[in-house]
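Chemist: Take the sequences, apply the hints, and build the full model.
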Amino acid sequence: MRKVACIGAGMTLFRRRLQETPKELCWEASRMALDAAGLTIDDIDAVVFGSAPDAFDGIHMKGENVLDGCGGRRKPYVRVFTGGGTGVFSPIAAYWHVASGMFDCVLVVNEEKMSSCQPHAQSVFGHIWDPILDRPLKPNLVWIFAMEMNRYMTVHKVRYEDVAAVAVKNKRNAVGHPCAQLADPNITVEDVMNSEMMAWPVRRLDISPPSDGASALVIASEDFVKKHKVESPVWFSGVGWNIDTTWWTDRDLYFPEYLANAARMAYKQARIDRPRKQIDFAEPYDPFDYKELHHMEGLLLCGKGEAPTLTREGVTQRDGDLPTCPSGGLLGVGNPIAATMGIKVGELYWQLSGQAGKRQIPREIRTGVTNAWGDLMQFSSVVVMRA
Amino acid sequence: MGIVGIGIVPFRPMTPEYSWKEIMYEAASRAYEDAGVDPRADVGSFITCAEDYWEGFGIFDEFTPDQIGAVLRPACTVTGDGIQGLAQGVLQIQAGLADIVAVEAHSKISDLLTYEGVVRHALDPIWNKPLGGHPYYVAGLEMAAYLRASRVTETDCASVVAKNRRNALTNDRAAYGARIEADDVLASPPISTPLKSLDVAPLADTAVVLVLAADARARKLSSEPVWVRGVGWTSDSPWLETRSWRTAQYAQDAAAIAYRMAKVRNPRQEVDVAEVDDKFSYKEPQHLEAVGLAKKGDTAKAIRRGDFGLGGKLPVNPSGGSLGCGNVIEASGLHRAAEVVLQLRGQAGRNQVDGARVGLAASWRGVPTATGAVAVLGVGR
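Line by line, the protein sequences give chains Z and V. According to my numbering, the first sequence is numbered sequentially starting from 1. According to my numbering, the second sequence is numbered sequentially starting from 388.
Worth flagging that the hints you see were computed from the coordinates, not collected in a lab. A couple of the hints might just be wrong.
List time: in silico EDC-like cross-link candidates among lysine to aspartate or glutamate, alpha-carbon distance up to 20 Å [said to hold, decoys possible]:
hint, chain 1, residue 1, chain 2, residue 2
1, V, 408, Z, 134
2, V, 408, Z, 250
3, Z, 268, V, 659
4, V, 516, Z, 134
5, V, 516, Z, 250
Modeler: Spelled out as structure tokens, the structure:
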């Protein structure tokens with residue numbers, strides 16, 4: 001199997017972007033990634049696009065609509081879709097484009113524009129439920145994630161303060177991120193606890209904000225890296241993805257078994273058998289603060305129920321033993337669903353190539369892991385990268 | 388890699404007794420039985436080809452795993468045509484991520500009450516959608532441009548319809564087999580001149596699953612697997628205003644990639660049977676030219692000689708195509724690849740093309756896209 005590297009990344013400001021169309025956001029991120037890699041669109045053999053529901057942008061087949069913004073015209077171009085898991089899944093698709101030997105250099109672009117959805121992006125989530133059993137109950141995402149959070153806290157007897165500490169850490173980490181939407185150097189656990197109750201036990205500051213934005217990565221083969229004398233490529237060492245049953249009501253939500261499966265798939269390829277020892281830092285998906293804890297356990301970085309303790313002890317701080325979400329994560333930088341590729345796989349690239357600036361982990365790091373999570377609390381994608 | 392199993396649910400205009408899950412389950416069961424694989428143990432990756440708006444869900448990917456056997460296994464959605472999904476399966480196997488991949492595509496389009504509105508929703512929201520009208524005007528305009536640029540006439544297109552619907556009469560899987568003549572097509576009511584109602588493939592429901600396996604596994608599973616010799620997929624401009632209207636550029640580019648991979652130098656001599664997209668009648672000759680199976684300028688003559696009929700020089704759409712079987716949206720390409728598999732296995736029944744060794748399937752994602760994919764399949768060697 002060919003070695004595959006990330007050789008450039010780009011990411012737009014995460015905000016309500018009323019001035020730009022989805023296509024323009026794609027163009028902006030693509031241009032940044034290509035500039036970072038010192039390439040032009042002519043160097044790109046194929047393009048992969050990632051985005052979550054079409055209904056956000058309000059365009060049927062939105063992958064087709066944005067394709068020239070991603071540089072896909074007259075190239076092999078494909079969109080992959082795994083709900084919220086797309087942020088780490090489309091780079092996996094770009095990986096297999098190159099690892100297959102069919103392409104040398106692939107651009108992967110992820111975009112989301114949630115602000116055009118009125119009155120709120122949440123209205124789209126009214127259509128993600130089973131039409132017979134779930135929809136008549138009129139659930140929304142905050143509602144079911146509150147159930148998952150509560151189940152996790154109940155099984156492991158987790159205190160709310162330890163969950164809120166994740167939001168505080170990530171919003172503080174985001175202070176160094178140029179694209180951040182909700183960075184706050186002074187936020188405290190009390191601020192999170194006192195924020196508006198959305199659906200018990202979820203408070204407003206437990207949740208990442210909806211956003212608009214795009215991100216892009218340039219993925220290339222070892223031959224391409226050598227030929228173009230790329231200075232600091234960051235290598236893919238393992239990829240995995242996994243889906244659980246649609247019937248979320250039939251699962252015990254306290255542990256993401258599908259993520260553990262995806263992690264095992266990626267670790268096997270990366271020859272990792274003791275993840276906690278062999279992985280230097282992590283970018284687990286954190287749309288809600290409890291999800292970071294949930295995902296650290298699903299990624300097998302600690303035992304079940306141990307993540308809150310690691311957080312309380314400062315192990316997951318940027319200068320801790322296992323820096324977690326050094327980017328600031330979705331909680332601090334923002335959550336334009338698929339475009340969070342820039343703070344997940346993008347952050348792995350920037351950290352491992354020493355380009356993370358103010359966010360750089362202050363010690364030598366060699367291996368990082370990230371995941372994204374999506375569909376009906378049922379899908380995860382995992383990428384392990386090495387410097 | 389080889390195709391070791393196929394499952395096709397027979398096409399019908401409506402399938403009220405099936406849910407989308409049940410129709411997918413039936414196709415998957417047929418394919419796994421045909422391949423002799425256990426999806427829970429053998430299949431390493433599952434790919435579904437679907438678009439949210441066709442399905443009526445915010446995130447359709449959620450609703451795919453149970454009925455195809457993908458629970459707690461690697462599975463994903465490709466929001467594209469079935470041959471694009473097949474191509475992703477090929478890449479996954481080549482990359483060593485899976486040994487066996489199941490590719491699924493389906494159409495439950497009869498559930499959709501607002502087909503016209505959904506298609507219009509795919510037009511550019513600023514420049515094109517506000518113009519109104521049935522979005523098939525895009526096909527009408529393209530047909531007019533193609534007819535002007537080629538020697539192909541409205542009557543030639545009408546004879547394509549007559550051929551494909553007649554082929555469908557002897558295909559058990561087809562929904563719209565009929566004995567009609569070119570004159571019937573010419574006399575049918577206009578949709579968007581020169582496009583007439585019988586030039587348009589009627590919608591149908593189905594589900595199709597293909598099981599792909601790496602070379603060694605394919606040889607173990609099947610005495611004669613159908614090999615995927617080449618795949619290609621590309622897109623032309625999404626803008627109506629800046630794309631190529633006369634030539635199906637996407638099909639030409641996709642075929643170039645697939646032929647390079649398959650080492651096909653002279654497609655007209657090497658391909659024995661072709662299933663090319665015919666969601667509209669003119670698309671068949673336009674696609675044949677783009678993939679190099681008809682020579683620009685000679686296509687009209689070849690149609691009139693009957694070259695593309697069953698028993699002709701190069702049988703095209705012996706299955707009946709979309710015109711005869713039905714337009715099954717994203718499943719169209721995968722279904723045609725499956726029909727080519729049947730031809731190469733010698734299992735195409737009364738529509739069998741004698742001695743077919745190499746076949747081509749070419750897809751198009753329909754109005755208003757300029758995206759298509761090509762697969763070159765073969766047996767032996």
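Chemist: Determine for every hint whether it applies to the structure shown.
Modeler: For each hint, the structure was consulted:
Restraint check: the Cα-Cα separation between residue 408(V) and residue 134(Z) comes to about 16 Å, which is no more than 20 Å; the hinted pair holds. The straight-line distance between the Cα atoms of residue 408(V) and residue 250(Z) is roughly 18 Å, inside the 20 Å bound, and the hint therefore holds. Taken as a hint, the residue 268(Z) and residue 659(V) pair is broken in the structure, with Cα atoms around 44 Å apart against an allowance of 20 Å. Distance restraint check for residue 516(V) and residue 134(Z): the Cα-Cα separation of roughly 33 Å exceeds the 20 Å cut-off, and the hinted pair is therefore not satisfied.
Pair hint residue 516(V) plus residue 250(Z) does not hold up; C-alpha atoms about 43 Å apart against a cutoff of 20 Å.
In summary, the structure is inconsistent with hints 3, 4, 5 from the numbered list given earlier, while agreeing with the others.
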